[in-house]
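Residue numbers (our numbering), protein chains in the order written: chain A, 11 to 212; chain B, 194 to 345; chain C, 228 to 897.
Hints are computed from structural coordinates only; laboratory data are not their basis. Any given hint could turn out to be false.
[Claimed, not checked] Heads up, simulated DSBU-like pairs for lysine-lysine below, C-alpha to C-alpha not over 30 Å straight-line:
no.	chain 1	residue 1	chain 2	residue 2
1	C	328	C	259
2	A	53	C	678
3	A	46	C	678
4	A	53	C	627
5	C	371	A	138
6	C	275	A	46
7	C	432	C	627
8	C	275	A	53
9	C	627	A	46
10	A	182	A	134
11	C	605	A	53
12	C	432	A	53
13	C	376	A	105
14	C	301	C	328
15	B	336	C	376
16	C	627	C	678
17	B	223	B	320
18	C	259	C	275
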Amino acid sequence: MSETVAIGTPRPRAPRPEELDLKFSESAVAELDALKTHYPDLKSCILPGLWIAQREYGGWLPPEAIAEVAFRLNRSFAEVEGVATFYTMYNTAHKPGRHMIEVCTCLSCHVCGAYRIVDYLEEKLGVKLGETTPDGMFTIHEVECLDACDRAPVLQIGDQYVGPVTSEMVDKILDDLRKVETPSAVQLSDAVVKVHLRDGDK
Amino acid sequence: MSFEVFRDVAKPIIAGFGITSRRLLQQKEKRATIQYPEDRREQFTRTRWRHVLTRYDSGLERCIGCSLCAGACPARCIYVEAAENSDSDRRSPGERYAARYEINLLRCIFCGYCQEACPTGAIVLRKDFELANYDREDFLYTKEMLLEPIRE
Amino acid sequence: MAVDEGHRTVSVTINGIEIEVPQGELIVESVKRLGLEIPVFCYHPRMKPVGMCRMCLVEIGFKQPDGSVRMMPKPQAGCTLPASEGMVVLTDSESVHRDRKGVLEFLLVNHPLDCPVCDRGGECPLQNNTLAYGPSTSRFIDLKRHLPKAYPLSQYVMLDLERCIQCGRCVRFTEEISGEHELAFRFRGASMQPSTFQLLDFESKFSGNVIEICPVGALTSAQYRFRARPWDLQTTPAVCTACSNGCNVWFDHRAGRFVRINGRINEGVNEEWTCDKGKFGHDYYNSTDRLRTPLVRKGDQFVEATWAEAYEEIVKGLESAGKDVAGLCGTRIANEGLFLFNRLFKQVLGSRSVDHRWTRTLGTSRVQTPIAGIEGKKGVLVFGSNPAEDLPIVFLRLRKAATRNGTQVTVVTPDVTEADAFATVASRIGQGDVLKVAQEIVDGQSELARKVADCLKEDGAIVTSDRVRNLPGGGEALRLLEDLAARCGAEFNCYPTGPNAMGAELLGVLPGDGGLDTWGILQGCCSGTIKALWLLDCDPTTVEGGDQALESAEFLVYQGVTRSEATAFANVVLPMAAPAEQDGTWTNCERRLQRMTQAIAAPGDSKPAWRIFSEVILRLQPSTPFFNPREIMKAIADADPRFLPGASDLPEEGAILSATTQAAMAGDGA
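Starting from the given sequences, assemble the full structure and let the hints guide the process.
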């Protein structure tokens, strides 16, 4: 919240349930209904609900997505927003590029040259960490340990780990990714939802 | 008896007159008294007389209307009403300024606690001691009277 | 706080003193029994403990079988620790003091030191605890976190994120007490901030409470903003007169002017909460529309007059009208004023046309369940009116009953209500269908009726308000439900909503035999059967046909606190003192009689209602006038034994009056 608001300005009110523009596809609603049965109460279903929303809204969670999840799970908007903004794997601040390249810079990767990869990516794509290329293709992020120290330095793209990476490999990875249509955040979200659904069936 | 009267009464009187007549003949600068309205004695640096609300060099008021002076005042002679600064009408840095600031100097005991309590150094007790007036109402110093003029 | 019989107690040693406390009681509460205090920020006795602020760290140990004490290696949070047998608590040891110092230093790392401009400064738990337990200086030399200040979260609440210490009291309040869950923590770590969804309007009807429970100046009142500092204020215990719930409040005033309302504890009524209507609805005390002097009409305009001139005019007007006089009153008038108003018309002027009710169909209220009693009910039917709007404190009790005691709540209302969130059944009444739905419920055939019957089958209650009478068929519907309640052994409560409506009803400010009611009086004015009309703090222009009635009345007295539309029609205007500007007793919707003492002086020449009537009666009928409200209360109690508790000193929490005169007599005998 960077905006400043003059005192006494009436605040816009939160949308009423009937004013929401619901975007979940039929299959998404079915998935959510299936997930609801996995938990003792709907509060517990917020996390998988947000994963579905992240997939349905194209790889991020705009306020409308949060509102939709809250509405479908009968929770308050603020509560769901609190959950969504807590976890870093939900993209709530802005829409990422089509492919999110997350570089692990924790100890093992650092030692094996993760920052060389970061520097190379920054130079190659012309953006800094946390930024998106102007064509909306790539967003690069620095992340904490991905639990793949045996493959250090490691990248996460969607639900795939790539490593150990070298500068030469990065070129090829980028070229390959340009051909992939599905945004990596959507692909990751979908994979997580599938895992949730499968776990429940056991 | 008469010796005692002389010793206790007449002698001190004569001695007193002696001092007076000696001073009378002295140089002007050595005299103990001064010609008050024309001449003024230099005051001690920590003299505490009438309050002044000071300003920053930028001309903004230092007072933020926090009422701590009123809280510290043992004579309860300060009344402060605060208001909110806006960008178009900025009196002091920050959010708050004193819209009304009144000191009842009849009640004030010039203890200087207000100066001590002031977090911004806005209220100071300065050397203006000529506070006599004809009406009680005139001893109610308002913010306009207390505020230091803007220095050019 | 007394140890319940039947509850298991355990022996706990606190600072070397052994005491018995109920098993499972939180340590932070147990130490209070010894008059000790553990400093807290996030802990609030009426909400679940979370242990977020770590201020309540204490040393804990356990007595071993061999008699030695084994201390836990690390300090524990006293607010989340239940008492158990053999527990040893140290609240005053060196290490505890060191811990508190450390915690406070951490909290102050990012807390701005703008106490001089902070509205909380002077009554701030963070200030107090820092002074008592904190370090005198900070070792922190870096830049503090900077976030927007004075962000208006709603028209009442200002949010200052820099000052927030993330205790979560406000978040838990909206989650546990008011129930909308409108506030939540966004983001995490150092950037965690309490806010509404996308910082949109904070719409809760109880938002004012978060201002009071915030232990720092992060949530402040927009109305009170920069109006005064706590040491400038004088405070008087008072009763809120915004609605019939009669919440206990602190009435804060400065230099004779009203400044703010804060909640005051009364376990029987509001616990310690207030609603926004009450907390922010007392602006009229400082209104520029306040009447200050009596006004008498001279031709086309009002002329300021003395009381004597005004009374002379009134006596002339009333005498020329003979028995064709009537009185209408509002409900923001103390019992004493209402009693004398009633006496003026019924005994002195010989008219029977007096009324205080303004609903479309008129009826009397019936209340069987006291507010606190709702908590113990097994099932509650909310019918026709939104309790959060009309009876805010009843709503909070209802919510507490549903969420903590598992009370089954059925909501049958025309509009969406806040109570739907915890109701087992929420059903809507279509436009104009109140009577139909009530009939349906009583007939017991439909699905809804079965659910209602299920809800009321054992120890149930019906909660509704006199607002239902405004709906077409509402009066009839209430009658049906009352019969239903009697049949299934449930308690029936049609709570009045006007501040002292219950008082007016008990005092009989109702049309006598052959007298006209509100609508009859207004019609009578139009048709000329009522020649003189006295308006006591009410404005008939807001109801249908009120304008014509006031226009056609030959002689009109308007007595009120502020100017209103009706003032323009009056022949004589009398300024009246507002509730906190006079001594008086008030009866809330559960018939709780509460005394309010004068907090500030009434502006200008205005006088309390009882004094005005006392003086008018004196001029119409030579008699000994009443000199103070206590004498009037004694007279009321003489006339109506139900009011006997009021004749003596009322307890601080007030006294619930019995419903019937017989019960009062019996109670008095016993």
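These are the hints, each one checked on the structure:
1. Taking the CA atoms of residue 328(C) and residue 259(C), the gap is about 21 Å. The hint holds against a cut of 30 Å.
2. Between residue 53(A) and residue 678(C) the CA atoms are separated by roughly 27 Å; this keeps the pair inside 30 Å, and the hint holds.
3. Distance hint between residue 46(A) and residue 678(C) is fulfilled; the C-alpha atoms sit about 26 Å from each other, no more than 30 Å.
4. Restraint check: the Cα-Cα separation between residue 53(A) and residue 627(C) comes to about 20 Å, which is no more than 30 Å; the hinted pair holds.
5. For the hint pairing residue 371(C) with residue 138(A), the CA-to-CA distance comes to about 26 Å; that is within 30 Å, so the pair holds.
6. With a CA separation close to 27 Å, the supplied pair residue 275(C) and residue 46(A) stays within the 30 Å bound.
7. For the hint linking residue 432(C) to residue 627(C), the alpha-carbon distance of about 16 Å falls within 30 Å, and the restraint holds.
8. At roughly 18 Å between alpha-carbon atoms, residue 275(C) and residue 53(A) fall within 30 Å of each other, so this suggested pair holds.
9. Of the supplied pair hints, the one linking residue 627(C) and residue 46(A) holds, its CA atoms being roughly 27 Å apart against a limit of 30 Å.
10. A hinted pair counts as satisfied when its Cα atoms are at most 30 Å apart, and residue 182(A) with residue 134(A) qualifies at roughly 12 Å.
11. The hinted pair formed by residue 605(C) and residue 53(A) meets the criterion: a straight-line CA distance of about 26 Å does not exceed 30 Å.
12. Among the hinted pairs, residue 432(C) with residue 53(A) is consistent with the structure: their alpha-carbon atoms are about 24 Å apart, no more than 30 Å.
13. Pair hint residue 376(C) plus residue 105(A) holds up; C-alpha atoms about 28 Å apart against a cutoff of 30 Å.
14. A hinted pair counts as satisfied when its Cα atoms are at most 30 Å apart, and residue 301(C) with residue 328(C) qualifies at roughly 16 Å.
15. With a CA separation close to 27 Å, the supplied pair residue 336(B) and residue 376(C) stays within the 30 Å bound.
16. Between residue 627(C) and residue 678(C), the direct Cα distance comes to roughly 21 Å. Compliance with the 30 Å bound is thereby established for this hinted pair.
17. Between residue 223(B) and residue 320(B) the CA atoms are separated by roughly 24 Å; this keeps the pair inside 30 Å, and the hint holds.
18. Distance hint between residue 259(C) and residue 275(C) is fulfilled; the C-alpha atoms sit about 18 Å from each other, no more than 30 Å.
Consistency with the previously given hints is maintained throughout, with no hint failing.
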